[in-house]
Each structure stands twice: as structure tokens, then as C-alpha cells.
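> Read off the chains here:
Protein chains: 2
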Amino acid sequence: MAEVRPDELRAAVEERLHGLGFDARTAGLIGDHYLDAELRGAATHGLERLRWLAGEDGIDPRARPVLFERADGLGRWDGNGAVGYVALADALAAEADDRPAGARLVVIERCFPTGRLGWFAERAAANGLVCLLTATSPARIAHPDGGPPALATSPLCLAVPGAPPAVVDVSMGRITFGDVLAAAAAGEPLPAGSGVRPDGSPEDDPAEILAGRAGIRPFGGDQAHKGLALAVLVELLVAAVSASPGFAAVALLAAPRSDAGRRVRDLLNGRRFPGDGSRARREAALARGSIHVPDDLWDWIRR
Amino acid sequence: MAEVRPDELRAAVEERLHGLGFDARTAGLIGDHYLDAELRGAATHGLERLRWLAGEDGIDPRARPVLFERADGLGRWDGNGAVGYVALADALAAEADDRPAGARLVVIERCFPTGRLGWFAERAAANGLVCLLTATSPARIAHPDGGPPALATSPLCLAVPGAPPAVVDVSMGRITFGDVLAAAAAGEPLPAGSGVRPDGSPEDDPAEILAGRAGIRPFGGDQAHKGLALAVLVELLVAAVSASPGFAAVALLAAPRSDAGRRVRDLLNGRRFPGDGSRARREAALARGSIHVPDDLWDWIRR
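Line by line, the protein sequences give chains R and V. Okay, so the first sequence: first residue is 32 according to our numbering, each after it adds one. Okay, so the second sequence: first residue is 32 according to our numbering, each after it adds one.
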């Protein structure tokens with residue numbers, strides 16, 4: 032592991048993104064998303080994805096999302112070939128600039144990948160808007176009764192303005208797809224019961240999930256049907272308000288009517304609040320002034 | 032248990048509601064909500080609540096919700112002393128009559144009780160609208176680390192148009208508050224691990240939860256922090272878009288852009304789809320032509 036200063040890492044990442052054809056603004060945006068994920072310990076949304084992005088065909092670094100439908104309370108966008116991070120960030124920023132006095136549903140079709148939704152929702156909340164955000168992505172979760180991978184990991188994220196904003200971000204799998212990648216890279220089995228085979232029996236071999244021959248089990252333990260139902264809810268919601276069959280992101284933006292973060296924090300009376308661990312890890316890494324990056328990845332970034 | 036024909040039960044329930052001062056329309060609406068819950072085997076949202084309603088002070092059977100804010104993409108209503116079932120049903124019906132070409136957030140403040148949200152969301156879907164619906168209610172869920180009951184059971188419900196509509200309805204507790212009432216009435220302990228004491232240890236005595244000295248554990252098993260985070264998400268969302276500190280319901284209504292039910296059903300390829308069990312129980316009870324009602328409850332309804 033290399034220990035890299037955050038500013039040094041940011042500069043190297045942005046330069047790499049420049050090299051891929053992104054302009055200064057979008058390189059800054061994508062780089063910050065990756066760096067923020069690393070700082071929070073969510074490495075599976077972090078710099079390893081830069082290496083993936085560099086290898087992807089069909090991404091146009093100059094493409095930008097386009098608004099194609101405006102109706103009361105609704106804006107529908109098309110990713111238009113832009114990488115999902117840029118499509119989602121730009122569409123949300125444009126909608127926030129023309130902010131709703133009430134509320135607005137924002138649909139971004141053909142939008143992939145979107146990474147860690149908390150990063151986008153927190154930006155909207157810092158901009159004074161309540162933001163409920165979800166997105167679809169490749170099928171990874173299988174029905175707990177079995178069958179092939181059928182549903183996205185189905186994150187559901189909410190950020191509300193406050194100091195700091197409250198950000199809750201939950202996905203419906205027992206593990207993330209990033210956990211599968213990490214276990215495969217380390218040559219280790221998955222935690223028992225994380226995967227499910229087509230016949231419904233447990234699968235602990237990450238290679239089987241990577242190959243699409245097994246799925247991730249919904250979270251919930253003996254109530255995995257509840258995790259499944261929530262993943263179905265996300266898939267249904269996104270599918271219902273979009274017409275393109277591809278992956279999409281859906282955001283509800285609303286002007287706040289109360290300081291909800293304070294109200295709900297008071298209810299939990301100092302007990303661990305969702306999202307606080309992630310924020311604390313970020314602050315600790317910044318205070319420490321270094322980020323751990325795998326040597327080969329750091330070499331690749333600077334290459 | 033009495034075996035009662037559905038039409039006979041409906042007539043008796045509506046007469047009881049008339050006796051409480053509800054007019055024909057609202058008696059029909061509340062009666063149908065209770066009867067539908069009984070037919071689906073969700074008795075805890077069913078006729079026992081009629082007995083509760085009859086004993087409640089401060090409910091005005093003639094009260095109706097009032098719209099107090101209209102902004103782009105938003106309608107905010109106040110329950111205005113109406114029973115929550117009527118406040119929610121009337122507000123959603125009025126918004127559906129003036130249906131959004133795009134989408135609309137509907138907030139109904141001071142709205143309690145709301146019962147089984149699936150009933151309301153499915154009506155909106157039958158009316159051609161996508162309906163994401165949630166509501167707050169008394170604190171029943173405790174943090175898995177302990178402390179007092181802090182959060183509502185926090186149902187999250189989505190219905191999308193289709194034949195039949197797809198309806199997903201998930202609450203974030205390991206058990207429902209109705210399960211607690213039923214266990215207490217039967218003099219039986221709760222399933223192991225259902226409750227959580229202020230010190231974080233398990234509580235299986237329903238009387239302790241009824242007395243507010245223990246809470247319901249969030250669902251999720253060893254990942255109960257995810258169930259907790261989803262309950263926090265619901266509380267935050269409802270609090271953020273409402274100004275009154277009381278209980279509220281929040282609905283997102285949207286015009287559909289695809290047949291999402293078919294799309295997502297195809298993904299699960301015939302495996303158990305959320306909500307289908309509930310619908311099948313209802314259809315079986317109707318085909319059987321009888322509903323089981325506890326003798327004392329049936330005697331009370333006809334009294």
C-alpha cells in the first residue's frame with residue numbers, strides 16, 4: 032500500500048482523467064467522487080473504478096446529459112452517452128439551479144454508473160434541497176428462493192439539509208458488489224450466506240457471483256424477503272417513471288419545511304446515526320493527511 | 032371465532048361507523064380499509080382498530096382534510112381533525128382528480144392513523160398513478176444498540192399501475208406493533224429477538240413493549256443497522272417536508288412512463304413477488320365467502 036497525500040492523489044487523478052479526455056470541470060467532479068469514496072473507506076466506489084473507466088469503450092468524455100421532457104413537477108433527462116457520474120451530477124445541478132419552490136421528480140435515463148449516491152444527494156442537501164435518490168445498475172441480487180441474479184443492489188439514499196446534512200444510504204444486498212470484487216481479488220470466500228445459488232442454496236465463492244452464476248442474497252437474515260421487497264420497490268419505481276429499458280437514476284428534490292436532521296437525531300439521543308461513521312472516517316483520513324492506495328493502482332494512476 | 036360473510040360483515044361495520052357519526056361515504060371508505068385488511072390476513076390493521084376508533088376522543092367524523100399550500104410539484108394538506116384514514120384517502124383522491132402530468136409530492140400533516148398503506152397506494156395505482164407512500168406513527172422501533180423506542184415502524188409502500196397493480200409494502204421492524212398486541216392478548220412471548228431493551232439486550236415480553244419500556248428491533252438480523260437506517264430515512268423524509276411536529280403521511284404521485292410491473296415481474300421469472308401473497312389471501316377469503324372474526328369483536332360490532 033502506498034500512503035499518498037490527498038492533494039497529491041487528487042492532482043494525479045485529475046491528470047489521469049484529463050488524459051482520458053475529460054475537461055477540468057468534469058475531471059474535478061469525477062475525481063472528487065472517487066477521492067471522497069476512498070476517504071470514507073468505500074473503496075469499491077473509489078479509485079479502482081477509475082481503472083475500469085479508462086478501459087470502457089463507448090464513453091464520450093465530452094457528452095453531457097440533455098433534458099428531453101419538462102412537465103409539472105417533473106424533469107426527465109437522458110444521459111446522452113455521458114458517463115453516469117457526469118449525467119447525474121449535471122442534471123441535479125441544473126435542476127437545483129432552477130430550484131423547485133415545492134418539489135420535483137428528476138429522472139435521468141441511460142445513466143450509468145452512478146457510484147456512491149450519498150455523494151450526489153449530499154451536494155443537493157448542501158444546496159438547500161431534500162434529495163431522495165435511487166438508481167438501477169446490473170442485476171446482482173437474486174431472489175432468496177433462488178434463480179439467476181435479477182435485481183440491482185438497489186441503493187436508496189436520502190440527504191436533508193443541516194449542519195452537517197443528514198445522509199442515509201442503504202443498499203439492499205447482504206454485501207456489496209464491491210465486496211465480491213474484493214474477495215475475488217484477495218482469493219477469499221465471501222462471508223457465509225452472502226450469496227445464493229439458482230437452487231436457493233448458499234454460495235460463498237465470489238467467482239460464481241462475478242460469473243453471474245449466483246447472486247447476492249438480499250439483506251435481512253431470516254427476513255430476506257423484506258430486503259428483496261425493498262429491492263423490488265426500487266426497481267419498480269425507477270422502471271415506472273422511465274421509458275428507456277437501460278439503467279436510470281431517479282431523484283425527488285424538495286424544499287425543506289423543517290430541520291429534520293435535528294428532529295430525528297434528537298430521537299436517537301446520541302446513538303450511532305446512519306452516515307456518521309462514513310463522515311468520521313473521511314474526517315479522520317483528512318486529519319491524518321494520507322490515503323492508502325494499493326501500489327499497483329497508484330503506479331497505474333501516475334503512469 | 033365467528034364465521035361471517037363478507038357482505039354481512041361490511042354492512043355491520045358500516046352501520047357501526049354510521050353510529051359513530053361517519054357519513055355513508057366515509058363509513059364505506061373506513062369499513063373497506065378494515066375489511067380489506069381482514070381479508071388479507073393483516074388483522075392488526077383490521078376490525079380491532081374499529082374498536083379502538085370507537086374509544087378515541089378527539090376524532091371528528093365530519094372533519095375533512097384541507098389543502099393549505101400549493102407550490103410547483105407540491106400539495107400540502109392538514110388532517111384538520113379528520114381521522115387519518117379519511118385525511119389520507121381524501122387528499123390523495125383530490126390530488127388524483129387534478130392529476131399531475133409529471134409528478135407531485137403530497138404531504139398530509141397531522142394525519143393519524145393511516146393503517147395499511149397498501150390500501151391507499153393501490154387505489155392511486157388503480158387510478159393510473161405511480162404512488163410511493165410513507166407515514167409516521169408512534170415510536171415503536173428502538174436503536175439496535177438500545178435506548179427507548181425512538182422511530183415509527185416506518186412503512187415504505189409503492190404501487191404502480193398494472194393488471195393487477197404491483198404493490199410493495201415493507202415496514203422496518205422485525206415484527207409489527209400488531210404482532211405485539213396479538214402476543215399480549217394471547218399471553219405469549221414474542222419470537223426471540225423481536226424486542227430490544229434500553230440496554231440493548233433482547234426483550235421477548237410484549238407487555239414491556241406495550242408499556243414503552245422496550246422497543247421493536249429493526250429487521251435485518253445481524254444487519255439490523257440497515258433496517259434502522261431505513262427507518263431513519265422514512266422519519267427524515269417525512270419530517271423534512273412537513274412543518275407540524277405530529278405524524279404525517281407523504282406520497283409521491285407520478286404519471287407512469289412504462290409498464291414497470293411487467294418489467295420487474297419478468298426479472299423474477301415467476302418467483303414469489305412482494306404483495307402477491309396478500310392478494311391471494313384476499314381472493315381466497317372472498318372465494319370461500321367467509322371471514323373469521325373473534326366472537327367478542329363480532330358481538331361488539333353488532334351491539
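If you're looking for bench data, these hints aren't it; they were derived computationally from the structure. One or more of the hints may lead you astray.
[Said to hold, decoys possible] Non-contacting residues of chain R with respect to chain V, defined by C-beta distances greater than 12 Å in every case (computed):
id : residue
1  : 102
2  : 199
3  : 244
[Claimed, not checked] One side of the interface only, derived from the structure: several residues of chain R facing chain V at Cβ under 8 Å:
id : residue
4  : 197
5  : 254
6  : 318
[Said to hold, decoys possible] Covered stretches of chain R, going by a simulated chain V footprint (3 or more residues, C-beta under 8 Å):
id : region
7  : 216 to 222
8  : 286 to 298
Quantities reported herein were computed from a predicted structural model and do not represent experimental measurements. Glycine residues also receive a C-beta, built at the ideal position from the N, C-alpha and C atoms.
> Against this structure, judge whether each hint is valid.
Here is how each hint holds up against the structure:
{"no.": "1", "hint": "102", "verdict": "3 Å, violated"}
{"no.": "2", "hint": "199", "verdict": "4 Å, violated"}
{"no.": "3", "hint": "244", "verdict": "16 Å, holds"}
{"no.": "4", "hint": "197", "verdict": "6 Å, holds"}
{"no.": "5", "hint": "254", "verdict": "5 Å, holds"}
{"no.": "6", "hint": "318", "verdict": "25 Å, violated"}
{"no.": "7", "hint": "216 to 222", "verdict": "violated (count 0)"}
{"no.": "8", "hint": "286 to 298", "verdict": "holds (count 9)"}
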